[in-house]
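Sequences listed follow chains A and C, in order.
FYI, the numbering for the first sequence is 1 to 116, going by my numbering.
FYI, the numbering for the second sequence is 117 to 230, going by my numbering.
The hints are simulated quantities; they were obtained by calculation from the structure and are not laboratory data.
Take these hints with a grain of salt, some might be off.
Claimed, not checked - Cβ-to-Cβ under 7 Å is the rule here; a few derived chain A residues that face chain C:
#, residue
1, M45
2, R50
3, Y54
4, N101
In this text the structure is predicted, and so the values were computed from the model without any measurement.
Here a beta-carbon is modelled for each residue, glycine too, at the ideal position from N, C-alpha and C.
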Amino acid sequence: AQTVTQSQPEMSVQEAETVTLSCTYDTSESDYYLFWYKQPPSRQMILVIRQEAYKQQNATENRFSVNFQKAAKSFSLKISDSQLGDAAMYFCAYRSAMDSNYQLIWGAGTKLIIKP
Amino acid sequence: EPEVTQTPSHQVTQMGQEVILRCVPISNHLYFYWYRQILGQKVEFLVSFYNNEISEKSEIFDDQFSVERPDGSNFTLKIRSTKLEDSAMYFCASRTLSNTDTQYFGPGTRLTVL
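This is chain C alone, in the form it adopts within the complex (with noise of 0.2 Å):
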């Protein structure tokens, strides 16, 4: 059965530095979404990305996060320069264009910001 794939699994990094987290969506999926979830904490919608453009981000998402999708099965998040209060898990999601369609979760990836 297809699913959504995430790399890396784990990434630690010193805070100020970018980071990019990686997802592959599933293959006929047309939409894409990040969440997050601060450890303890309620999972949080970042961003949804459709038609190779944000179809609608949250307050989280300010001017040091962007998507891409820079090829046809890569969907990226990247965190120009990472905060403590960044570190969490970031779940990749994706869907088709149905209007009954669930959202498919990849595994994660835990981010951890010394």
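For reference, chain A alone in the conformation it holds in the complex (with noise of 0.2 Å):
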């Protein structure tokens, strides 16, 4: 089965400086989708980028790029220009191609506190 594993239960970085937060998974698939999730406050679940497996090209969205290490295993989202509303719980999915459903396989989070 597979397992997401996000290490740092917190984290906290000064407004305007970069962080980058740690996601690990195992798996014994070679396709699969990954994902990292924004929960504010308010809870709702916010996709913040998605990475596919097969892609060796690190995907971007604005001040959201990860770092996507297939061998390793490693998927961690890197946040540049921190900005008071990034302050949030960040959560890594994990999507199996194979899974017909797509269910989504949840890392434990990680609170990002953002310092003004």
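Each chain sits in its own coordinate frame; assemble them with the hints.
Below, the structure is given as structure tokens:
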């Protein structure tokens, strides 16, 4: 069974600085998708970025980018120029390409604190 | 931009009562999901629904739970006899049929069982 591990329960960063959130996963599959979701205090789950395992190029979305290391099964999220609105829980999630139901498997989350 | 909506935002109920959580998925989406997140814990998959039937369910989704798409827009989760441990945030999500499509989540319903 696949698992997702986020080893940092909490991270803090100074506003305008860069922070990297870690995520590792375990799978025997070669084709899958990885996601970072943001959950602000409102508790809504918002998609931040997505990575297809078959793509070597790291996904980027404005200030958000990932470092996808397939061999190491690592999928870290880098947030550049941190803003107060980035404060939230960040969840890493995995989805097997073989699962026709596309069930998401979640990490435990990392709480990101932005210091003004 | 279309979004998934959920009602109510917060539901308080007595143990043993039935609750129905409602979701309106994005209109052209065909796959629907319920997840729950107990406070301080991981998000857990409950059930997926496609073509008017359950396509997959987790061990959590026992006989106390049921889902329904009563009309063309709503997708509901019913808990027949709530327990204290059912207290959680319940998230609905939906997606299209595309192989690469992402699930889009609603804002969640906070269920508190007293």
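Results of checking the hints against the structure:
For A/M45, the suggested interface contact is upheld, since its CB lies about 4 Å from the closest CB of chain C, less than 7 Å. Annotation: A/R50 was flagged as interfacial toward chain C, and the flag holds, the nearest CB pair being 6 Å apart, inside 7 Å. Because the smallest distance between the Cβ of A/Y54 and any Cβ of chain C comes to about 10 Å, over 7 Å, the interface hint for this residue is violated. Checking A/N101 against chain C by beta carbon gives a least distance of about 4 Å; that is within 7 Å, so the hint holds.
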